[in-house]
Each structure stands twice: as C-alpha cells, then as structure tokens.
Amino acid sequence: MPANAILAVLEARDGALRKVSHEVIAAARQLSGASGGSVDALVFGASVPTGSDGLGASGAARVLAATHADFDRYNPDGFAATVASLAPSYGAIVFAATATGKDLAPRVAARLGVGLVTDVTGLATDGGAIVATRPVYAGKVLQKVKLTSSPALLSIRPNTFEPQPGQAASAAVESIPVPSFEARVKVTGVKAPDKAMLDVTEAPIVVSGGRGLKEPTNFRLLEELAEALGNTAVGASRAVVDAGWREHGAQVGQTGKTVSPGLYIAVGISGAIQHLAGMRTAKTIVAINRDKDAPIFKVADYGIVGDLFEVVPRLTAEIRKMRSER
Amino acid sequence: MKIAVCLKRVPDTVAKITVGPDRKSIDETGLKFVPNPYDEFAVEEAIALKEKAGSGETVVYAVGSNASQETLRAALAMGIDRAVLLQSPGSPDGLEVARTLAAELKGAGYDLILCGKMAVDDYNHQVGVMVAELLELPCISSVAHLSIADGSVEAEREIEGGVEVATCRLPAVLTCEKGLNNPRLPSLKGIMAAKKKPLETKPVTVGKGSIEVLALDYPAERKPGKVVGEGPDAVPELVRLLRTEARVL
Numbered sequence: 004m005p006a007n008a009i010l011a012v013l014e015a016r017d018g019a020l021r022k023v024s025h026e027v028i029a030a031a032r033q034l035s036g037a038s039g040g041s042v043d044a045l046v047f048g049a050s051v052p053t054g055s056d057g058l059g060a061s062g063a064a065r066v067l068a069a070t071h072a073d074f075d076r077y078n079p080d081g082f083a084a085t086v087a088s089l090a091p092s093y094g095a096i097v098f099a100a101t102a103t104g105k106d107l108a109p110r111v112a113a114r115l116g117v118g119l120v121t122d123v124t125g126l127a128t129d130g131g132a133i134v135a136t137r138p139v140y141a142g143k144v145l146q147k148v149k150l151t152s153s154p155a156l157l158s159i160r161p162n163t164f165e166p167q168p169g170q171a172a173s174a175a176v177e178s179i180p181v182p183s184f185e186a187r188v189k190v191t192g193v194k195a196p197d198k199a200m201l202d203v204t205e206a207p208i209v210v211s212g213g214r215g216l217k218e219p220t221n222f223r224l225l226e227e228l229a230e231a232l233g234n235t236a237v238g239a240s241r242a243v244v245d246a247g248w249r250e251h252g253a254q255v256g257q258t259g260k261t262v263s264p265g266l267y268i269a270v271g272i273s274g275a276i277q278h279l280a281g282m283r284t285a286k287t288i289v290a291i292n293r294d295k296d297a298p299i300f301k302v303a304d305y306g307i308v309g310d311l312f313e314v315v316p317r318l319t320a321e322i323r324k325m326r327s328e329r
Numbered sequence: 003m004k005i006a007v008c009l010k011r012v013p014d015t016v017a018k019i020t021v022g023p024d025r026k027s028i029d030e031t032g033l034k035f036v037p038n039p040y041d042e043f044a045v046e047e048a049i050a051l052k053e054k055a056g057s058g059e060t061v062v063y064a065v066g067s068n069a070s071q072e073t074l075r076a077a078l079a080m081g082i083d084r085a086v087l088l089q090s091p092g093s094p095d096g097l098e099v100a101r102t103l104a105a106e107l108k109g110a111g112y113d114l115i116l117c118g119k120m121a122v123d124d125y126n127h128q129v130g131v132m133v134a135e136l137l138e139l140p141c142i143s144s145v146a147h148l149s150i151a152d153g154s155v156e157a158e159r160e161i162e163g164g165v166e167v168a169t170c171r172l173p174a175v176l177t178c179e180k181g182l183n184n185p186r187l188p189s190l191k192g193i194m195a196a197k198k199k200p201l202e203t204k205p206v207t208v209g210k211g212s213i214e215v216l217a218l219d220y221p222a223e224r225k226p227g228k229v230v231g232e233g234p235d236a237v238p239e240l241v242r243l244l245r246t247e248a249r250v251l
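If you're matching them up, the sequences are chains A and B in order.
Letter by letter, the first sequence follows residues 4 to 329 in this note's numbering.
Letter by letter, the second sequence follows residues 3 to 251 in this note's numbering.
Wrong hints could be hidden among the right ones.
[What the hints assert, rightly or not] Derived pair list, reagent style DMTMM-like, types lysine to aspartate or glutamate, alpha-carbon separation capped at 20 Å:
(1) A:Lys194 <-> A:Asp296
(2) A:Lys22 <-> A:Asp56
(3) A:Lys149 <-> B:Glu232
(4) A:Lys295 <-> B:Glu239
(5) A:Lys189 <-> B:Glu138
(6) A:Lys189 <-> A:Asp75
(7) B:Lys204 <-> B:Glu106
(8) A:Lys286 <-> B:Asp152
(9) B:Lys228 <-> A:Asp73
(10) B:Lys54 <-> B:Glu138
(11) A:Lys149 <-> B:Asp219
(12) A:Lys149 <-> A:Glu177
(13) B:Lys34 <-> B:Glu53
(14) A:Lys324 <-> B:Glu138
(15) B:Lys26 <-> A:Asp294
(16) A:Lys301 <-> B:Asp83
(17) B:Lys228 <-> B:Glu214
(18) A:Lys301 <-> B:Glu232
(19) B:Lys4 <-> B:Asp83
(20) B:Lys228 <-> A:Asp296
(21) A:Lys217 <-> A:Glu227
[What the hints assert, rightly or not] Label-pair distances were calculated between CB atoms; the ranges are:
(22) B:Met194 <-> A:Pro182: 51 to 61 Å
(23) A:Ser183 <-> B:Leu190: 54 to 64 Å
(24) A:Pro182 <-> B:Asp113: 23 to 33 Å
(25) A:Gln167 <-> B:Asn68: 32 to 42 Å
(26) A:Val193 <-> B:Pro238: 18 to 28 Å
(27) B:Val206 <-> A:Glu185: 29 to 39 Å
(28) A:Glu177 <-> B:Ser154: 54 to 64 Å
(29) B:Glu239 <-> A:Pro91: 37 to 47 Å
(30) B:Gly111 <-> A:Val193: 29 to 39 Å
(31) B:Gly153 <-> A:Asp294: 21 to 31 Å
(32) B:Glu239 <-> A:Ser50: 29 to 39 Å
(33) B:Asp24 <-> A:Glu185: 26 to 36 Å
No wet-lab data here; the hints were simulated from the structure.
Backbone N, C-alpha and C define an ideal beta-carbon position, used for all residues, glycine too.
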C-alpha cells in the first residue's frame with residue numbers, strides 16, 4: 004500500500020459534516036504533503052452528508068461515501084467494519100478525537116491489530132515514520148511518539164489543526180460498498196438539551212466559572228456573557244461540578260475535558276494545577292478573580308483583579324455594545 | 003452477576019509531574035499514586051450492580067508492577083471480592099495492554115466487563131473498547147447513565163452538545179464516564195476485610211507493540227501576562243486589548 008495515501012475519517016451530525024472534519028483533512032494533508040501523497044475523505048450517512056462535494060476545497064483528492072440505511076446515526080460496528088475494509092489501501096488513517104472518534108478508532112485498531120495514538124496535537128515525519136506529539140497527564144507533559152505500524156492510526160484533538168485551502172476546487176464523491184456487519188451495539192437516539200449547546204472542546208470561546216460564583220444560579224452571569232460573545236460554551240471547574248452546580252460534561256481539567264479554544268475566560272477560578280492542565284493550550288486566556296495572588300493569573304494573558312459580580316456584567320455590556328456597533 | 007473491572011494505578015491528578023532523567027518517562031520519586039478516577043466509577047458500578055442483583059462475583063484486574071497491589075487493595079476495600087495482578091511494566095501501546103487483559107478475561111464467563119473510559123496518565127482512551135473488540139463483545143463507551151434489565155443494557159453516552167442513547171445485550175464491555183455514580187469511600191471494616199481477600203499475581207509479558215515513546219517534554223511556558231486593571235473600570239481596556247492585540251473578538 005502506498006505509505007503516502009492517507010484516509011481521513013470524517014464526522015457528520017444530522018446529515019451535515021461537522022467542523023472537525025476539515026481539521027481531520029488538514030492533519031491528513033500534513034502527513035501526505037511531505038511525500039507528495041494524497042488524502043481520501045471517508046464520510047458516513049443514510050445519504051451523502053451535506054458539504055461532502057465541497058471537500059476538494061479542503062484538500063481531499065477523493066470523497067468516499069459509505070451510505071447505509073442504519074448510518075443516520077453513529078453505528079459503531081458498521082463504521083468500524085467499513086474503515087477496516089478500506090485500511091489495506093492506506094499508509095495512515097486519521098480520526099477526530101471526538102466522542103465518536105474516541106469510540107470508533109480503537110475498534111478499528113483492534114480489528115486491524117495495530118496501535119493507535121490518540122488526541123494528537125502535532126505531527127511530523129521521520130524517515131517515513133510518523134512522529135506525533137500529544138498531551139499526557141492532562142497536558143502537564145507532552146509526549147512524542149513514533150508510529151511503526153502499517154497503517155498508522157491516529158486521532159487528532161479538535162481545534163488544533165487549522166484547515167487549509169486545497170488545490171483542487173472539487174473532489175468527486177464516490178459511493179463505496181459497506182461490508183456486511185453485525186450491529187452488536189445500536190444507537191437508538193440522541194437527546195439534545197433544550198437550548199442548542201456548544202461543547203467546551205469545540206467552541207471557539209469558552210467562559211468557565213468556579214467557586215467564586217458562590218451559587219449555582221449565578222452561572223446565569225456567564226451564560227449571558229456567552230450569549231453576548233456568541234459561539235461560546237460555558238465550562239466549569241471541578242469544584243463546582245463535584246458540588247453538583249454544573250453537568251460534568253462542562254468540566255475543564257484533568258478529570259474533565261482538555262480544551263484549546265481561541266479565547267478562554269476563567270471567572271472565579273483560582274487555578275488548581277489540574278484545571279490549568281486542561282486549558283493551558285487556549286490561545287488567549289483571560290482571568291477575572293478577586294484574589295490577585297490566584298495561580299490563574301500566572302497563565303492568563305490578561306487579568307482583571309476584582310469582584311466578578313461587578314466585572315462580568317460590565318464585560319457583557321461592553322461586548323453587547325461592541326457587537327451592536329458593527 | 004459476574005463482573006470484571008479493569009483498574010490502573012496512576013499519579014494523583016493534583017500532583018506535579020516531573021520528567022525523569024531518561025526524558026522518556028516521568029520521575030516517580032515521592033509521587034503519590036491513586037486508582038485511576040474513571041476506573042473508580044467502574045469499581046463502584048460493579049459493587050452496586052452485584053448488591054442490586056443480590057448475588058454474583060466481582061473481580062478486579064490490573065496490568066502493572068507490584069506497586070499496583072496497593073491500588074487493587076483499594077478496590078477490595080471498596081467491596082470488590084477478589085483481585086488479579088497481571089504483573090508486567092505495561093506498554094505505551096494500548097492494544098498490547100488490551101490483548102493482555104483480553105487473554106485473561108476470555109472464557110472466564112463474565113456477564114459484564116467494566117473499565118474507565120480512559121486513564122488520566124497516558125490519556126490513551128482506548129483499552130476498554132479494544133478489549134471488547136478482541137473478545138468480540140458489544141461495547142458502549144463513556145457511559146454516564148446505565149440501566150440493565152433482562153440481559154439488556156441501555157446506556158447514555160455524552161457526545162458534543164448532547165447525549166447518545168445506545169443499547170446492547172449482555173455479556174458486554176462498558177467504559178465509565180464521570181457522572182455514572184459517586185464512588186464510595188472504603189469503610190474501616192472494608193479496609194480490614196480487604197487484607198484477607200484473595201489477590202493473585204500472575205507474571206505476564208505485554209508486547210512492545212507499534213508505538214515507541216521518543217521523548218517527554220514540558221509544554222512551552224505561557225508568556226507572562228498582565229493585569230489590565232482592577233474592578234469593572236478595567237473592562238473597556240480589556241475589550242480593547244482582546245480586539246486589537248489578541249485579535250480574538
């Protein structure tokens with residue numbers, strides 16, 4: 004199999020490609036680019052997901068569409084069987100380290116009998132072998148590993164690889180056969196919360212709250228700020244999740260999620276080591292805290308020392324003003 | 003109900019991690035180790051399910067050095083019936099660890115195999131799912147809510163911005179997410195009883211696999227930031243900096 008042929012396994016939800024799909028292609032192109040290879044994009048769905056015909060612009064040479072009546076939702080066994088059947092034609096397979104990718108990639112790895120490197124944030128090649136960098140211990144340490152299997156399997160952390168425009172304007176969408184599979188697990192439904200909610204791992208902006216908010220209902224202040232900012236997820240420290248103020252899915256830190264947004268605003272969070280580990284790869288960090296000696300200020304690019312109950316509403320008002328002026 | 007739990011010994015999440023002199027592993031001097039927090043959800047679920055069923059057996063497995071005996075005893079103190087240490091230094095390749103566990107669990111007659119969704123040291127996030135695949139069992143990963151009745155599993159797993167509901171039949175492998183339960187603290191009686199519970203040690207050879215650790219390093223230090231000001235009057239300047247300097251708004 005050509006080592007420089009890379010398969011990018013994409014994700015769709017509700018019939019449309021997700022943003023992370025373009026990041027998977029960007030990572031796959033980094034691997035193929037060094038050796039003049041090409042990237043094929045694999046999409047799943049009950050029908051071809053919206054956006055698939057535009058993947059040439061992201062750098063895919065071909066788009067392989069695996070369509071099946073049961074693929075309207077994630078189908079662990081069906082997806083794994085499909086990826087495994089394509090594997091012999093590729094030198095590497097790239098997944099997204101999302102809820103789906105974290106479930107799918109190890110299934111494929113076990114079926115192929117090859118190793119899997121997850122949550123990759125940096126890629127390089129060394130004499131034909133892939134060298135991946137990934138955060139371990141929640142980002143307290145970076146691990147550099149060499150993948151010697153063929154194909155090499157890896158998953159990339161969302162919000163890390165920047166999509167680049169490709170050369171080909173369009174890529175043909177080819178339908179591929181789905182191998183027969185036994186669905187040992189069935190996804191019977193997806194429950195979405197009342198309000199469309201962004202996930203902290205994927206949102207371009209995250210506003211997180213800690214003990215300093217004093218009461219769970221005060222998270223309303225952060226929700227208002229998030230709404231004013233737009234495209235913003237609300238996160239939380241471990242202390243307030245353990246106290247039952249917020250859902251654990253919102254927790255940022257070592258026993259929660261590791262996030263890399265463009266902007267992270269920490270409100271009333273002192274900055275315990277396990278929290279800092281989970282957000283230190285944010286591009287810009289803002290801290291709002293009453294205690295000028297709080298460790299959060301050591302990692303923050305910009306800090307305001309003050310009472311969050313005064314500072315946050317003012318910030319929300321300023322953002323609203325700014326947005327209305329545009 | 004016969005339930006197996008897979009457990010890993012990891013550094014405490016509040017600990018500072020220091021890279022060792024070989025630059026490929028961490029310095030364990032003075033480091034406090036704990037059971038992997040996600041595996042504790044698996045331990046708690048196993049004990050609670052057996053209590054609910056009224057009968058059965060719970061067995062905890064770990065791949066690791068002799069130091070993992072202490073971690074296994076912690077699970078016994080919580081209420082697990084017996085423990086098996088698969089004695090080996092482990093491997094950076096999760097598939098090799100999964101192969102070791104699967105070889106031990108194969109044909110042992112478990113109705114349920116519970117793992118944490120990931121370990122907080124290597125962040126591999128794969129071993130439980132691989133064990134299921136190797137044993138050709140159904141697997142639902144990152145389970146935050148679970149109900150089992152008449153040999154059927156219904157589980158909720160968190161996905162970005164929502165919850166996915168999945169079903170399968172027993173026997174099955176489930177990996178546990180935070181929120182599934184609140185792990186109990188071992189009672190004094192439990193700690194005393196744990197000392198007498200069986201802990202079997204089996205030397206095993208875990209393969210090297212296809213993943214080689216080249217180096218460990220610290221992430222780049224963030225550039226020192228600045229305090230923009232004090233109180234709400236500093237907000238306009240913060241917004242200006244975010245727009246014109248950081249260019250994130």
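Here's how the hints hold up against the structure:
no.	hint	in the structure
1	A:Lys194 <-> A:Asp296	42 Å, violated
2	A:Lys22 <-> A:Asp56	15 Å, holds
3	A:Lys149 <-> B:Glu232	48 Å, violated
4	A:Lys295 <-> B:Glu239	18 Å, holds
5	A:Lys189 <-> B:Glu138	15 Å, holds
6	A:Lys189 <-> A:Asp75	12 Å, holds
7	B:Lys204 <-> B:Glu106	10 Å, holds
8	A:Lys286 <-> B:Asp152	50 Å, violated
9	B:Lys228 <-> A:Asp73	53 Å, violated
10	B:Lys54 <-> B:Glu138	27 Å, violated
11	A:Lys149 <-> B:Asp219	15 Å, holds
12	A:Lys149 <-> A:Glu177	33 Å, violated
13	B:Lys34 <-> B:Glu53	31 Å, violated
14	A:Lys324 <-> B:Glu138	58 Å, violated
15	B:Lys26 <-> A:Asp294	37 Å, violated
16	A:Lys301 <-> B:Asp83	46 Å, violated
17	B:Lys228 <-> B:Glu214	40 Å, violated
18	A:Lys301 <-> B:Glu232	16 Å, holds
19	B:Lys4 <-> B:Asp83	11 Å, holds
20	B:Lys228 <-> A:Asp296	13 Å, holds
21	A:Lys217 <-> A:Glu227	17 Å, holds
22	B:Met194 <-> A:Pro182: 51 to 61 Å	54 Å, holds
23	A:Ser183 <-> B:Leu190: 54 to 64 Å	56 Å, holds
24	A:Pro182 <-> B:Asp113: 23 to 33 Å	29 Å, holds
25	A:Gln167 <-> B:Asn68: 32 to 42 Å	50 Å, violated
26	A:Val193 <-> B:Pro238: 18 to 28 Å	42 Å, violated
27	B:Val206 <-> A:Glu185: 29 to 39 Å	30 Å, holds
28	A:Glu177 <-> B:Ser154: 54 to 64 Å	38 Å, violated
29	B:Glu239 <-> A:Pro91: 37 to 47 Å	59 Å, violated
30	B:Gly111 <-> A:Val193: 29 to 39 Å	34 Å, holds
31	B:Gly153 <-> A:Asp294: 21 to 31 Å	54 Å, violated
32	B:Glu239 <-> A:Ser50: 29 to 39 Å	51 Å, violated
33	B:Asp24 <-> A:Glu185: 26 to 36 Å	45 Å, violated
Violated hints for the displayed structure, listed by number in ascending order: 1, 3, 8, 9, 10, 12, 13, 14, 15, 16, 17, 25, 26, 28, 29, 31, 32 and 33.
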